[in-house]
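Asker: Residues per chain, in single letters:
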Amino acid sequence: MQFKYLILVFILSIFCLIFLVYDLSNSKRTDQLSKVIVVSKGWNGEDCNKEIGTKIVSLGERPSGGYSINLKDSYTVNDKFYIILEEIAPKDTDMNLQVITNPCIELRIPKTKKTIEIRWE
Amino acid sequence: MHGVAHGVSDLYIYKIFKDDALATSVSNFQSAIADAASKAISAGVKVINHSYGTANRITDQTKSQWASSTSTQIAAYQNLVSNQIINVFAAGNGRKIDIGGVKTDVGWDQPSSPAGLPYYYSELKEYWIVVVAVDTNFRETLWTNRCGVAKEYCIAAPGDSINSVKTGGGYIEKSGTSMAAPHVAGAVAVLIETFPTLSQAQIVDRIINTANPNVGFQQCSIYNHATATCTTYTSGYDDDIFGQGMLDLDAATKPIAVLALSVGGTSLSSSTRYSLDSTRLNLSKAFGQNRNLSNNILKINNLSQQISTTQSIASFDTYDNAIFFLNLSSLTAGSSYTPLGLNQVILKDYEEQSLYEFGILKLSGIVNSSDTKTDQYNFPFKTLNASISLNDFFQIKYNYAEIQDFFFISTKKDARITESLFTYSAFRNPYMGMSGEFEGLEMFLKINDKLKFSLNYTEEGYIQELETNLSERKKEVIFKGFNAHVESEFIDKINLSYLRMEEEGAFLGSKTSGAFRLKDKSVSDIFSAMIEKKINARLAIYASGYYGLTEVNPDTDSLFSDFKTIQSTSWSLGLLNDQVISKNDSLGLVVHQPLRAENGSFNLRLPGYADYKGNIYYKDHAYRLKPNGREINYETFYEIDLNKLTLRLSSIFIDEGGHLNETSLEKVFMLELKGAI
Numbered sequence: 001m002q003f004k005y006l007i008l009v010f011i012l013s014i015f016c017l018i019f020l021v022y023d024l025s026n027s028k029r030t031d032q033l034s035k036v037i038v039v040s041k042g043w044n045g046e047d048c049n050k051e052i053g054t055k056i057v058s059l060g061e062r063p064s065g066g067y068s069i070n071l072k073d074s075y076t077v078n079d080k081f082y083i084i085l086e087e088i089a090p091k092d093t094d095m096n097l098q099v100i101t102n103p104c105i106e107l108r109i110p111k112t113k114k115t116i117e118i119r120w121e
Numbered sequence: 001m002h003g004v005a006h007g008v009s010d011l012y013i014y015k016i017f018k019d020d021a022l023a024t025s026v027s028n029f030q031s032a033i034a035d036a037a038s039k040a041i042s043a044g045v046k047v048i049n050h051s052y053g054t055a056n057r058i059t060d061q062t063k064s065q066w067a068s069s070t071s072t073q074i075a076a077y078q079n080l081v082s083n084q085i086i087n088v089f090a091a092g093n094g095r096k097i098d099i100g101g102v103k104t105d106v107g108w109d110q111p112s113s114p115a116g117l118p119y120y121y122s123e124l125k126e127y128w129i130v131v132v133a134v135d136t137n138f139r140e141t142l143w144t145n146r147c148g149v150a151k152e153y154c155i156a157a158p159g160d161s162i163n164s165v166k167t168g169g170g171y172i173e174k175s176g177t178s179m180a181a182p183h184v185a186g187a188v189a190v191l192i193e194t195f196p197t198l199s200q201a202q203i204v205d206r207i208i209n210t211a212n213p214n215v216g217f218q219q220c221s222i223y224n225h226a227t228a229t230c231t232t233y234t235s236g237y238d239d240d241i242f243g244q245g246m247l248d249l250d251a252a253t254k255p256i257a258v259l260a261l262s263v264g265g266t267s268l269s270s271s272t273r274y275s276l277d278s279t280r281l282n283l284s285k286a287f288g289q290n291r292n293l294s295n296n297i298l299k300i301n302n303l304s305q306q307i308s309t310t311q312s313i314a315s316f317d318t319y320d321n322a323i324f325f326l327n328l329s330s331l332t333a334g335s336s337y338t339p340l341g342l343n344q345v346i347l348k349d350y351e352e353q354s355l356y357e358f359g360i361l362k363l364s365g366i367v368n369s370s371d372t373k374t375d376q377y378n379f380p381f382k383t384l385n386a387s388i389s390l391n392d393f394f395q396i397k398y399n400y401a402e403i404q405d406f407f408f409i410s411t412k413k414d415a416r417i418t419e420s421l422f423t424y425s426a427f428r429n430p431y432m433g434m435s436g437e438f439e440g441l442e443m444f445l446k447i448n449d450k451l452k453f454s455l456n457y458t459e460e461g462y463i464q465e466l467e468t469n470l471s472e473r474k475k476e477v478i479f480k481g482f483n484a485h486v487e488s489e490f491i492d493k494i495n496l497s498y499l500r501m502e503e504e505g506a507f508l509g510s511k512t513s514g515a516f517r518l519k520d521k522s523v524s525d526i527f528s529a530m531i532e533k534k535i536n537a538r539l540a541i542y543a544s545g546y547y548g549l550t551e552v553n554p555d556t557d558s559l560f561s562d563f564k565t566i567q568s569t570s571w572s573l574g575l576l577n578d579q580v581i582s583k584n585d586s587l588g589l590v591v592h593q594p595l596r597a598e599n600g601s602f603n604l605r606l607p608g609y610a611d612y613k614g615n616i617y618y619k620d621h622a623y624r625l626k627p628n629g630r631e632i633n634y635e636t637f638y639e640i641d642l643n644k645l646t647l648r649l650s651s652i653f654i655d656e657g658g659h660l661n662e663t664s665l666e667k668v669f670m671l672e673l674k675g676a677i
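Chains as they are written, first to last, in our numbering: chain U, 1 to 121; chain V, 1 to 677.
Bound-form chain U, shown alone (with noise of 0.2 Å):
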């Protein structure tokens, strides 16, 4: 009678690895950086906006030159496609034009119905 028990116990576990594996399976990051194409980039938003279809990531005013952004990673996480930049900053001691700026990024995303999310870091 116990060995029963402990038989359905055994395949309720069989049943919740299975589980377990088919769910991490589809969690699974998929590497999609070499998709996402740079098309350019800019001080002004205008220097970005050259291409149908595309889409400008801008940073915001920036005292000087010296400020882009950089595409650094981007792949997908079940319905999401992430697209990792960063803020490339001049150091202190670095020489630049005295203008405002506003870096932008001109990238080509392949379609995807996910939902788009672009992270700084």
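There may be inaccurate statements among the hints.
[Unchecked claim] List time: in silico DSS-like cross-link candidates among lysine-lysine, alpha-carbon distance up to 27 Å: (1) Lys41(U) <-> Lys18(V); (2) Lys15(V) <-> Lys41(U); (3) Lys583(V) <-> Lys493(V); (4) Lys15(V) <-> Lys91(U); (5) Lys91(U) <-> Lys18(V); (6) Lys63(V) <-> Lys91(U); (7) Lys18(V) <-> Lys72(U); (8) Lys166(V) <-> Lys55(U); (9) Lys18(V) <-> Lys50(U).
Hint data in this document are derived by calculation from the structure and do not stem from the laboratory.
We have chain U already, so just place chain V on it with the hints.
Answerer: What follows is chain V alone, placed relative to chain U:
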């Protein structure tokens, strides 16, 4: 659209940032700026705009720290400055710091590096301008660094939403001290072009010293100008923010101190300076007068016409020798002619009175005429005549007059004809002013009933017509000379005179001063003759003529380079017919030419240009003094004595009035009432 110095043809651009680098490390930058500096020096560049900088304030590091980290860069700037190249630096945009989307004022109260380098390297100052940015309302922009330790050589300029060129063509509005600095660099370029005599250091000084601190600067403490609370200074402004003030190119291109003419030398240093304000050549009527015609058209005389077409002359700001060009006509003026115009009624209520008479001594004159009022004159004058008659054959007379002198010479003439013409000028000495002070000693000698003789020595100072200040008038012109008067039965009266007129700072009543300075007094030798001849008991002829030779002695350090002798004339003819209708009336005709220059000329050596070495280049221009017209007055009058009152009707026709070549006759009709009323 064009920039401040849009006429600049030689514009050099040196690349100091890499193609793909949005920020350049100091190590990379130093070699680039050193290379660019060498190229700029080789190309002869005079001003450089430096719209770059670091995020560090100049005071964030010590001199030794800067020296160790940027020695190559500092040496490059020293190299530029030693070659007298002006460096205009953006103060930096470090004030607004965006930290996690929150904008924080971290107190960027100092210019960034390298803009503030002269703080540690004072030898750079002379050729260095730091520029902070304001918006169109003169508000401190939310991102600009302040002048701080650089305030001595720091100014403000527009830097908010400035039209700039866009990559790939077109324009785009940009903001930053990088936008403000080129305004100043452009202004420097304009000044370099405008003032070729100035050194680069003087250009910097001019930019700094003409910056306007009173434009209404505002200091704003928060970051969104749309909702900012900005403070306008109730008095003064904060030079720690705005330095010496707002760039004022208009003021920088205008004189800072007094404009002066440099004459008599080949260089600015060796020439003699005359203030422009004190330099004047005011020409008298003898050289023709200017006249306003209808519709605001100005009829100008011959000399004025020559002067108005003269090329511009160079003057120099006494502040720094900056060159300014002006037209010679702004320093000269001709007297203006006013037509007599309306019919006149003149009332005279003065009369010479006998004051004292005892034996051989007789005093007469007009002691106080302060209540004298006529349509034309209202001024006091005094005369005094003291005569001693030893016998019927010899008389000595002392004449004194103050203010009004028309008794002189004409004393013995018939009042009816000598008072001809509205101005009483027909038979009076035209070289003399209407007013002044004179005294003379006159000796009368009666040989017999048929021959009388008088000799008059006179000295007098009279008012120059162009002078207005009474205290200056009396010493302006001195007359000395003799007047011989003969009466005989053959020709009735002959009056011959020789007078020497000495004018201080003037010639023939033309006032000169400043760069038109005369070395010595002008001397005019004046010869005159006047004849009266009675044709019969009722008819008499009067004739007078004046001829003058004027020698003008310009100073060697003046604009005059040569002055030819001036000949001048004036003459009158009169015809008097007594007892026309009654026993007490007379009819007269007078033809009269006022004083006129018949020839004469002068040369002016006009400074036309100066080069950057301070050498002055002159051009000689010749001017003819003879007017292009000849004024002739024709007067007819009818005069009748009515007891103590004299009624006089006259008409005057004036041809070519003011010695202007006019075709139309001027007509004047007058009614005069003369006598004690």
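Asker: Now look at each hint and say whether the structure bears it out.
Answerer: Status of the hints after comparison with the structure:
Taking the CA atoms of lysine 41(U) and lysine 18(V), the gap is about 15 Å. The hint holds against a cut of 27 Å. Of the pairs offered as hints, the one joining lysine 15(V) and lysine 41(U) holds, with about 20 Å between alpha carbons and a cut-off of 27 Å not exceeded. Simply put, lysine 583(V) and lysine 493(V) have alpha-carbon atoms about 24 Å apart, close enough for the 27 Å limit, and the pair holds. For the hint linking lysine 15(V) to lysine 91(U), the alpha-carbon distance of about 21 Å falls within 27 Å, and the restraint holds.
Our distance criterion of 27 Å between C-alpha atoms is met by lysine 91(U) and lysine 18(V), whose separation comes to about 16 Å. The hinted pair formed by lysine 63(V) and lysine 91(U) meets the criterion: a straight-line CA distance of about 20 Å does not exceed 27 Å. Of the supplied pair hints, the one linking lysine 18(V) and lysine 72(U) holds, its CA atoms being roughly 23 Å apart against a limit of 27 Å. Our distance criterion of 27 Å between C-alpha atoms is met by lysine 166(V) and lysine 55(U), whose separation comes to about 22 Å.
Our distance criterion of 27 Å between C-alpha atoms is met by lysine 18(V) and lysine 50(U), whose separation comes to about 23 Å.
Going through the hint list in order, the structure satisfies each hint without exception.
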